[in-house]
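Protein chains in written order, with our numbering: chain A, 1 to 374; chain B, 1 to 296; chain C, 1 to 204.
Be aware that a few hints might be false.
As the list claims (entries may be wrong) - Distance condition first, Cα-Cα at most 20 Å in a straight line; then the derived SDA-like pairs of lysine to any residue:
| # | chain 1 | residue 1 | chain 2 | residue 2 |
| --- | --- | --- | --- | --- |
| 1 | A | K352 | B | V84 |
| 2 | A | K321 | B | V84 |
| 3 | C | K128 | C | I30 |
| 4 | C | K91 | A | S206 |
Just so you know, the hints here were simulated from the structure itself, not pulled from any lab data. Computed from a predicted model, the values in this text were never measured in an experiment.
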Amino acid sequence: MGYVAVQGGITAIENSQKLNRYLRLRGASAPLSVTQIMEQMGPLVDRVMSEGGLYSPFHAALALKQASGDPLEASFLVRAFRSTLRRMTESLPVRTDRMRILRRISSAFKTIPGGQVLGSTSDYEQRILDFSLAEETKETQAETVQEFEESASSPTLDSASTYSADSAPLAPEDFGKVVDILRAQGLVAPPPTTELRPAMDITQESVEFPLGRSGRLQMLARAETGGVLALAYSSMRGYGSVHPTVAELRVGRVRVQIPHPFRTGETVTLGSIVVTEVEIVASVQRPEGEEKPTFSLGYGACFGHNEVKAISIGVLDRAMKSPSPHAPAEDQEFVLLHTDGIESSGFCSHFKLPHYVTFQADLNRLRDIRRNDE
Amino acid sequence: MSLTDLLRGPDFQYNFAFLDEGAKREVRRALLKAVALPGHQVPFASPELPIARGWGTGGLQVTMSLIGPDDVLKIIDQGCDGSVNAVNLRKLLVATTGVHTTFDSREATLLQSRHRLPEIPMTEGQIAVLQVPLPEPLRLVEPSEVETRRMHAEGDYARMWVSLYEDVVQNGSVSLSWGYPCRVNDSYIMSPSPLPRWDLHMLHDAEHLTLLGAGREKRVYAVPPHTSVRPLEFEDIPFTVEDFSGMACARCGSTDTFLDEIYDEKTGQASRVCSDSGYCDLVRQGMIRTRQADRA
Amino acid sequence: MVREIGFDEVFDSQATFRALLDSMSRPGKICQVPQRPYRSPPNGFCSPALTILKTLCDHRVSFSLGAANETPEWIRYLEMNLAAPFQPIEKADYVLFDGEGFDSGFARLNRGSLEFPEKSATALICVKQLLDEPAESEAPVCSLVLAGPGVKGRARLSAAGLDAGYVTGRQRTIRYFPMGVDLFLVDRDGRVAGIPRTSMVEIG
Numbered sequence: 001m002g003y004v005a006v007q008g009g010i011t012a013i014e015n016s017q018k019l020n021r022y023l024r025l026r027g028a029s030a031p032l033s034v035t036q037i038m039e040q041m042g043p044l045v046d047r048v049m050s051e052g053g054l055y056s057p058f059h060a061a062l063a064l065k066q067a068s069g070d071p072l073e074a075s076f077l078v079r080a081f082r083s084t085l086r087r088m089t090e091s092l093p094v095r096t097d098r099m100r101i102l103r104r105i106s107s108a109f110k111t112i113p114g115g116q117v118l119g120s121t122s123d124y125e126q127r128i129l130d131f132s133l134a135e136e137t138k139e140t141q142a143e144t145v146q147e148f149e150e151s152a153s154s155p156t157l158d159s160a161s162t163y164s165a166d167s168a169p170l171a172p173e174d175f176g177k178v179v180d181i182l183r184a185q186g187l188v189a190p191p192p193t194t195e196l197r198p199a200m201d202i203t204q205e206s207v208e209f210p211l212g213r214s215g216r217l218q219m220l221a222r223a224e225t226g227g228v229l230a231l232a233y234s235s236m237r238g239y240g241s242v243h244p245t246v247a248e249l250r251v252g253r254v255r256v257q258i259p260h261p262f263r264t265g266e267t268v269t270l271g272s273i274v275v276t277e278v279e280i281v282a283s284v285q286r287p288e289g290e291e292k293p294t295f296s297l298g299y300g301a302c303f304g305h306n307e308v309k310a311i312s313i314g315v316l317d318r319a320m321k322s323p324s325p326h327a328p329a330e331d332q333e334f335v336l337l338h339t340d341g342i343e344s345s346g347f348c349s350h351f352k353l354p355h356y357v358t359f360q361a362d363l364n365r366l367r368d369i370r371r372n373d374e
Numbered sequence: 001m002s003l004t005d006l007l008r009g010p011d012f013q014y015n016f017a018f019l020d021e022g023a024k025r026e027v028r029r030a031l032l033k034a035v036a037l038p039g040h041q042v043p044f045a046s047p048e049l050p051i052a053r054g055w056g057t058g059g060l061q062v063t064m065s066l067i068g069p070d071d072v073l074k075i076i077d078q079g080c081d082g083s084v085n086a087v088n089l090r091k092l093l094v095a096t097t098g099v100h101t102t103f104d105s106r107e108a109t110l111l112q113s114r115h116r117l118p119e120i121p122m123t124e125g126q127i128a129v130l131q132v133p134l135p136e137p138l139r140l141v142e143p144s145e146v147e148t149r150r151m152h153a154e155g156d157y158a159r160m161w162v163s164l165y166e167d168v169v170q171n172g173s174v175s176l177s178w179g180y181p182c183r184v185n186d187s188y189i190m191s192p193s194p195l196p197r198w199d200l201h202m203l204h205d206a207e208h209l210t211l212l213g214a215g216r217e218k219r220v221y222a223v224p225p226h227t228s229v230r231p232l233e234f235e236d237i238p239f240t241v242e243d244f245s246g247m248a249c250a251r252c253g254s255t256d257t258f259l260d261e262i263y264d265e266k267t268g269q270a271s272r273v274c275s276d277s278g279y280c281d282l283v284r285q286g287m288i289r290t291r292q293a294d295r296a
Numbered sequence: 001m002v003r004e005i006g007f008d009e010v011f012d013s014q015a016t017f018r019a020l021l022d023s024m025s026r027p028g029k030i031c032q033v034p035q036r037p038y039r040s041p042p043n044g045f046c047s048p049a050l051t052i053l054k055t056l057c058d059h060r061v062s063f064s065l066g067a068a069n070e071t072p073e074w075i076r077y078l079e080m081n082l083a084a085p086f087q088p089i090e091k092a093d094y095v096l097f098d099g100e101g102f103d104s105g106f107a108r109l110n111r112g113s114l115e116f117p118e119k120s121a122t123a124l125i126c127v128k129q130l131l132d133e134p135a136e137s138e139a140p141v142c143s144l145v146l147a148g149p150g151v152k153g154r155a156r157l158s159a160a161g162l163d164a165g166y167v168t169g170r171q172r173t174i175r176y177f178p179m180g181v182d183l184f185l186v187d188r189d190g191r192v193a194g195i196p197r198t199s200m201v202e203i204g
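Isolated chain A, as found in the complex (with noise of 0.2 Å):
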C-alpha cells in the first residue's frame, strides 16, 4: 500500500502540473512573453519585486507568467528563487534625495522647491473602460508611440524608462526633500539614536519583538500590498488614528552602490532601481526629553512603483511608534505578523493539506464527551 499510495501521489502531483500549463496554453492566443509582460504590466511587476523581495524584472515577469498572473503565487515564486541566490555584500545606503524623478509630489504645500511633478498616474483619470483597448495592433501601438515621442516636452523621459537596462551615471537633480524644510524650522523631530544602529537582516537573523524600525521597515518593504492597505486603512479610517499629510511622494531612480571590494575609499555602481518613497507627517507630539512639541513622521518604501504600498507602510511605520498602542495597527506583533503575503497564504493553503488525523482526535474527543453528558 505505501509503495501504491506514493506512486499514486507522484502521478498526481505530475497530472496537476500538466494540467496547469495546458489551461494555460490551450487557447487561440499566442502564448504572452516575458517581455511583454514586463513592458505592459508594470505596476503587476513591480508589485511581485516588491512582495518578493528582489528586484529584477525579468524574474517578476517570468514568475507572473509561470502564476498565470496570480500575483501571490508570482511573488512566492521570487521570493523562493532568491533565497537560493548567493548573498555577495550590502550596498551603501540609498540616496533616495539624488533620485531621477518620475513623479513627485507633495500633498504638504501648494509649491515646492523644485516643483511637483505629476509623471505618470491614473490617479485623475476617469476610470471609464477604454474598448479601444480590445482593438490595439502593432500599428496603433506605432502611432501611439510616435505621435508622444514627436510631442514629448519633458526633459527627464529618455532616460526614465521604467525597465531600461541603464547603468550609466544618473545625474542628481535638485529635488531637496519637503521634510527637510520642516525640520530645518524645527518642526519635524530627529530620529531618536537608538534607532541609529546598522541595519537588521530579517532574511538572516531571527526577529524578535519588539522589533527594531530597520527590521520594521524592512518586513513592511516586502508586505502584501492589499494586507498593509487593510490595516493602514484602519488606521486613517479611525482605529487609532493616524491623520497623514503627504509631505512628499517620488517614484524614480536610485542608484545602486557597493563599496569597492578592493580599493579603499571608492565605490562602485551596480545599476539603478525604481523605488516608491513616501514620507508623512502625522500628529503632534511631544517626545520625552523634547521642550517643544514636534510633528511625528512616518516613513514608507518599497521596490518598483507602487504608491498605495508606500503610503500605507508610511502610515503603519507612524502607527507603530505610538507610545500607547490600543487599535491593531499600533501593534507590532499584529501588523508584521499577518501582512507578509508569503507566510499568510501558505498558512491559509495549508489548511487543504490532509488532516484527517487531528480530526480524527477531535471527533474522538467530540464523540467521548458527548458520551459523558448522557
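Keeping the supplied structure of chain A fixed, place chains B and C upon it in accordance with the hints.
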C-alpha cells in the same frame, strides 16, 4: 563576473540538501541550544524554500541541516508515506541529496513527520523531525509573542492552568485533542506539534531524539532522549488517549494502533485502517508480530 | 600560517554536526568528529577543535579564547579560518579553552537571559583524552558521573587533562536555569562529549 553569471544557467546545481551552508549553520547552532534547553523554542532566521510556508518548511530545514549521504530517510504525513505532501517533500530531499529512502520506520535514521510518530517506538540511532504549525502552546491564552516569552521566562503558566480548568468545568474533561500541551523536563511547557494524544507517551523517556521545526513561525525546539514529557493534567482528571475500543484495522487486524476513519469511495461504507501505513504493511506481510499477538 | 583547505564545508560539517548533536543529546556518550590534516595550526592547537569551530562559526557569531591561548597568533589563525570575529570572553558565542588548567575567564562566559537563554556561550574545552573507562589512561583523570536529560539513569565520563575547576566552575554558570553555559569536551583524536546546562554532574 557579470550579473548574468550570477543568474541560473541550465547546468546550475543546487547545494547538497538544498539549503546553503550559512543557513544550515544557523539552524545547527539553534538545534544545539535547543537540545540544551528541552522544550524551549529557539528562534532562527528560517529563509524561504520552494515549498510554501505552512507546508513543512521548518521540518524541512531541520532535516536539510541534519542529513548526510549515509542517512536513510522516511517522510510521512498523517502516518502515511504516500500522502501527496510527503511525496513532494521526499522528492525535493532525494533530488538534492541522493539518500536512500524507506517506508519501514525501523530502517530510517531520519524520520520527518507531520502529525504522527510511528507505531514502532524509535531507537537510539534514529532522529524524529516533527513539522510544527504553531509552536507556542500559550497562544491558547495569549496572542502576544512578547508576553508569552515573558511567561516562559518566568515559568508563569497560571493562565494556562486556568484555561484548562475552565475547559474541564465546561466539558467534564480537557477537550484539547491534538497538540496537547506538555511539561518538558519539569520546566518549559511545550506544544508536541499536532500529534494525537495517542503518540505523546513516545516522547517521554524516549530512546531517540526528537527535533521540532516551525518554519513560518521561525522556531526550533527539541526533546532529548530520556527526558520527561508529561501532558498537563489535573490530579483527579487523568490524561486519556483516543478510544478505539471495539475497532480493528480492516487491512491488518491490529486493535492497538491509531486508526483512521475512512468512508469507501464507492459504497460510502465506514471502516477503520491503521494511520501508520508502513506498520500496517509490515503486519500484513507477516514481517512483524502485532503487539496483541506478542501478548497472547 | 595559512587558511586551511582540508575541511569540506558541506560533508565534514554535516558529519561533525551529527557528532555534536548526538553528544549534546546524550551527555556521557563519546562521539567522533572527522579527523582532518590541517597544515599550519599554531603550536599546541587541538586540530579537532578547529573542525568543530569551522562547523559552527561564521560572520554571524563570534569566538574567544582562554587566557592561556589568547595570543595574536591563535586569534589570527581562527579569524582567518572561521571568518568570525574575535570578541572578549564575556561577549563571545564560542570560546575555546585548554582543559589542562582552569581558566578564570570561564566565570565570565555569557549565560544568556531568562527570555533568551539560547543566546549563551558554548565552551569548547580541549582535553588530552576522553575515556570510556578511567583506567585507560596513566595521566591524571577527571571522572564524572552525569544524570539528567539525555542520560538513562547515570553515565560515566572520564577525561585526562581536564581540570576539575571547570566542573565546579560550571556549577556557578548554571545556577539560574534556564540561563547557563553548554560545554563540549574534545580530545586530540577528535573524540567529543557534550554537557548541556541541564546535566547534573558530579566528580567521582
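Holds or violated: are the alpha carbons of K352(A) and V84(B) at most 20 Å from each other?
holds (11 Å)
Would you check the hint for K128(C) and I30(C), treating anything up to 20 Å between C-alpha atoms as holding?
holds (14 Å)
Against the 20 Å threshold, does the CA-CA distance of K321(A) and V84(B) hold or violate the hint?
violated (45 Å)
Quickly compare the C-alpha distance for K91(C) and S206(A) to 20 Å and report which way the hint goes.
Cα-Cα ~19 Å, so holds.
Checked against the numbered hints given earlier, this structure breaks only hint 2.
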